[in-house]
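The chain contents come next:
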Amino acid sequence: MTDTPLLQLSGITKRFPGVIANDDVGFAIMPGEVHALLGENGAGKSTLVKMIYGVQRPDEGVMHFDGAPYAPGKPSEARAQGVGMVFQHFSLFDALTVADNVALGMNKEAVGNDLDKQIVEVSDAYGLTLDPTRYIGSLSVGERQRVEIVRCLLQKPRLLIMDEPTSVLTPQEVDVLFLTLKKLSSEGCSILYISHKLEEIRELCEAATVLRGGKVVATCDPREETAKSLAEMMIGTSLTFAERQEPDLGEERLVVTNLTAVSHDPFGVDIRDVSFSVRAGEILGIGGVAGNGQVELMEALIGEYVTAPESVRIDNEPVGALGPTERRQRGMCSVPEERLGHGAVPDMSLWENTILSARTRKGMENNGFLDLGIAQAFADEVVAKFNVKTAGIEHAANSLSGGNLQKFIVGREILQAPTVLVILQPTWGVDAAAAADIHRALQEMARGGAAILVISQDLDELMAISTNFSVIAEGRLSDPKPTGSQSIEQIGLLMGGVHNSAGREAST
Amino acid sequence: MIRLEPRKEISQHLLYLTPVMAVALTIALGMVMFVVLGKNPFAAIFIIFVEPMTDLFTISEMIVKATPLILIAIGLSFGFRAGVWNIGAEGQFTIGALAGGAIPALWPVEGFWVLPVMCLAGVAGGMAWAAIPAFLRTRFNANEILVTLMLTYVAVLLLSVLVHGPLKDPEGLNFPESRLFNESATMPILIEETRAHVGFLVALLAVVVAWVLLARHVIGYQIKVMGQSPKAASFGGFVESRVVWMCLMMSGGLAGLAGTFEAAGPVGQLVPALPVGYGFTAIIVAFLGRLTPVGILLAGFVMALTYIGGESAQIKMNLPSAVTGVFQGMFLFSLLGIDVLARFRIRLARRAPVAAGE
Numbered sequence: 000m001t002d003t004p005l006l007q008l009s010g011i012t013k014r015f016p017g018v019i020a021n022d023d024v025g026f027a028i029m030p031g032e033v034h035a036l037l038g039e040n041g042a043g044k045s046t047l048v049k050m051i052y053g054v055q056r057p058d059e060g061v062m063h064f065d066g067a068p069y070a071p072g073k074p075s076e077a078r079a080q081g082v083g084m085v086f087q088h089f090s091l092f093d094a095l096t097v098a099d100n101v102a103l104g105m106n107k108e109a110v111g112n113d114l115d116k117q118i119v120e121v122s123d124a125y126g127l128t129l130d131p132t133r134y135i136g137s138l139s140v141g142e143r144q145r146v147e148i149v150r151c152l153l154q155k156p157r158l159l160i161m162d163e164p165t166s167v168l169t170p171q172e173v174d175v176l177f178l179t180l181k182k183l184s185s186e187g188c189s190i191l192y193i194s195h196k197l198e199e200i201r202e203l204c205e206a207a208t209v210l211r212g213g214k215v216v217a218t219c220d221p222r223e224e225t226a227k228s229l230a231e232m233m234i235g236t237s238l239t240f241a242e243r244q245e246p247d248l249g250e251e252r253l254v255v256t257n258l259t260a261v262s263h264d265p266f267g268v269d270i271r272d273v274s275f276s277v278r279a280g281e282i283l284g285i286g287g288v289a290g291n292g293q294v295e296l297m298e299a300l301i302g303e304y305v306t307a308p309e310s311v312r313i314d315n316e317p318v319g320a321l322g323p324t325e326r327r328q329r330g331m332c333s334v335p336e337e338r339l340g341h342g343a344v345p346d347m348s349l350w351e352n353t354i355l356s357a358r359t360r361k362g363m364e365n366n367g368f369l370d371l372g373i374a375q376a377f378a379d380e381v382v383a384k385f386n387v388k389t390a391g392i393e394h395a396a397n398s399l400s401g402g403n404l405q406k407f408i409v410g411r412e413i414l415q416a417p418t419v420l421v422i423l424q425p426t427w428g429v430d431a432a433a434a435a436d437i438h439r440a441l442q443e444m445a446r447g448g449a450a451i452l453v454i455s456q457d458l459d460e461l462m463a464i465s466t467n468f469s470v471i472a473e474g475r476l477s478d479p480k481p482t483g484s485q486s487i488e489q490i491g492l493l494m495g496g497v498h499n500s501a502g503r504e505a506s507t
Numbered sequence: 000m001i002r003l004e005p006r007k008e009i010s011q012h013l014l015y016l017t018p019v020m021a022v023a024l025t026i027a028l029g030m031v032m033f034v035v036l037g038k039n040p041f042a043a044i045f046i047i048f049v050e051p052m053t054d055l056f057t058i059s060e061m062i063v064k065a066t067p068l069i070l071i072a073i074g075l076s077f078g079f080r081a082g083v084w085n086i087g088a089e090g091q092f093t094i095g096a097l098a099g100g101a102i103p104a105l106w107p108v109e110g111f112w113v114l115p116v117m118c119l120a121g122v123a124g125g126m127a128w129a130a131i132p133a134f135l136r137t138r139f140n141a142n143e144i145l146v147t148l149m150l151t152y153v154a155v156l157l158l159s160v161l162v163h164g165p166l167k168d169p170e171g172l173n174f175p176e177s178r179l180f181n182e183s184a185t186m187p188i189l190i191e192e193t194r195a196h197v198g199f200l201v202a203l204l205a206v207v208v209a210w211v212l213l214a215r216h217v218i219g220y221q222i223k224v225m226g227q228s229p230k231a232a233s234f235g236g237f238v239e240s241r242v243v244w245m246c247l248m249m250s251g252g253l254a255g256l257a258g259t260f261e262a263a264g265p266v267g268q269l270v271p272a273l274p275v276g277y278g279f280t281a282i283i284v285a286f287l288g289r290l291t292p293v294g295i296l297l298a299g300f301v302m303a304l305t306y307i308g309g310e311s312a313q314i315k316m317n318l319p320s321a322v323t324g325v326f327q328g329m330f331l332f333s334l335l336g337i338d339v340l341a342r343f344r345i346r347l348a349r350r351a352p353v354a355a356g357e
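Protein chains in written order, with numbering that gives the first Met the number 0: chain A, 0 to 507; chain B, 0 to 357.
One should not assume that every hint holds.
Unchecked claim - The list that follows gives simulated cross-link-like pairs (lysine-lysine, DSSO-like), each with its CA atoms no further than 30 Å apart:
no. : chain 1 : residue 1 : chain 2 : residue 2
1   : A       : K361      : B       : K230
2   : A       : K388      : B       : K223
3   : A       : K155      : A       : K181
No lab work stands behind these hints, which were simulated from the structure alone.
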């Protein structure tokens, strides 16, 4: 290993109107090093990596790549130097195939004639199975991320930037990815790894730079730190994790019996004969790889997709044929996976967005007439209690950062005091402190007698908060088991679609 | 090469300013047109845009024209917000006129109840005509743009057939027109000695009701949500097919009512030439008014001005009758063009093969 860093940043400063995103940031990545970039939402990680990838330019400061000055004006220049990036938010075209999308994200000269073959080779080599001829629109979130990763790997990068790459993978897939990354690293490729999962960083990374408020606050070797100490560096205060308590389970509040739902999307996942129940005080966690029917299950549970009346019961009342509003009246609230455009209307203000799902439970609607005062007061309450950072409730939902909007939507549903809550990805994109707050709020609700269903791809989260745990794979649900009673290997197999229940296997 | 980049934040003021800019641009382009035609541009613009507003009679005529435009545009604006593109208001207008006007044409009875019954029939007629695209869209996913547009021609021909046949005036010397409506079947006049009728008050009421629905009612709310984000609407418990039906019933009903008003007001009978394009012009009115009720009220008058001003320009300056249509077309195009500039900024790409020189 040489002493010349592959990438050296010094004095990087980037200002936006009203905010300094990066303030005199400097660090170095050595060749072959797996370097973690840690920080809360808004700490300036995204801005920093965008500058490295040539999406934005720094106002001050210099970057050196392999000893030479490096100032990419656009991503293609960065790619030409050997910098690849897997974004947290995918930049893929739904109406194009996997191969088309890969070709679009590569520099022209790098695209060969046998792209399909290359895609298959690379994806197989790294265990990221992909069919180059499929359309992106038909792929799940997890599969879309594979396209992004494969697209970068095809270009044989010298520096690979990965923004929260593991959130959509099973433990086995994460292991494979880590092997891939370690292999890449041993081949001399450096990796800049951004993640909220501190355990992952401790396992994978050799060095870490911690950002807070746009400044570098610490540089450390994560292998010598604990997850708690890393988190505390990030947020600058001591953390209190949600405490686990043995719950008192009451009667069954949400009962699902032989729920079957055929997806409207020809490439969607059908929900097949799913049965489970959630009792008062229980948090049932449903894990699984993205695109295995989580969204379809939620839509059938909350009434966006209506089914046979008896297949979903709330407090013993059949609701399967009722719509979302009627189910809300009966106590069921929900948080969908997609924040913008599903859980919230992008161009509407925050207070208008409270009307979307809270109008009946919060008494905003009277014979169809809306009480805007209640909506505004409720929006203020959500913003205050869930610490949503916004300039005001008059601002549009799409002006909020992802994490803040998530806090707003979760808060909007929790503060309606539902008796049954269906929540997808409760802490997707929020920082560690806010995630702990959301987890605590969920556990308090459960203690208050609510039945909570958490569908998440974050296994650590599910293990931390759920009472019982189940896995969804290809639209089927494994039998719920007390959390912690299954090994991570068993869970991984379930996520891969191997069910322990022989009867279900036979019915395939 | 010219590239359009979306602007980060569009100021609300700009959105309300663009219709005004569109009017100004249209007037400027109109002046160019008059110069090319060899007319005095200032005199022409004065005759079209200023003179009609200086005289009580022409103002009353503006009210006559603005009434159907406002009524129809208010109805259309709901659908346009929700992404339901009813462009066949002309047909619903025609069927409304037919349904309402058939009553006095067939049974010339007297009574205070005649006009209300005609109005109800007109609303029902417009709704029935709009129900066809609503059903086809919600049941078979048929494109309502095509269905509503094509049904317009069916409606106009249907009116013609009936006026030539069963609705023909028995004492009318075989002219293709119905008998003149009697007193009970005629709209009460609003201003003495003019044709401005109480339908204008109904149009004003529609503006107020539409404002309340949009700002304060769950109907307006769900229409806005459906238009901006159908998946969020579904999460909110709003059903798309219901919104489609609601929008088409509102726009069809109001267009039908406007049709009855027209037959029972300024025309006073059923004639094949009853539909004169209000249903199409109302589309421009709806967009010029930014799909907002108050904006539509103002835009209705601006558009009415082009009708009246265009007519006096024909008489006084010997201009072709197409001048009205040209102005209405220029309004729409100016508005669309300025809207694009308000939402996007133009960038000349640096690596254009040929430099964009003067």
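Now for the hints, and whether the structure bears them out:
1. At roughly 22 Å between alpha-carbon atoms, K361(A) and K230(B) fall within 30 Å of each other, so this suggested pair holds.
2. Distance hint between K388(A) and K223(B) is fulfilled; the C-alpha atoms sit about 26 Å from each other, no more than 30 Å.
3. With a C-alpha separation of about 14 Å, the suggested pairing of K155(A) with K181(A) holds against the 30 Å cut-off.
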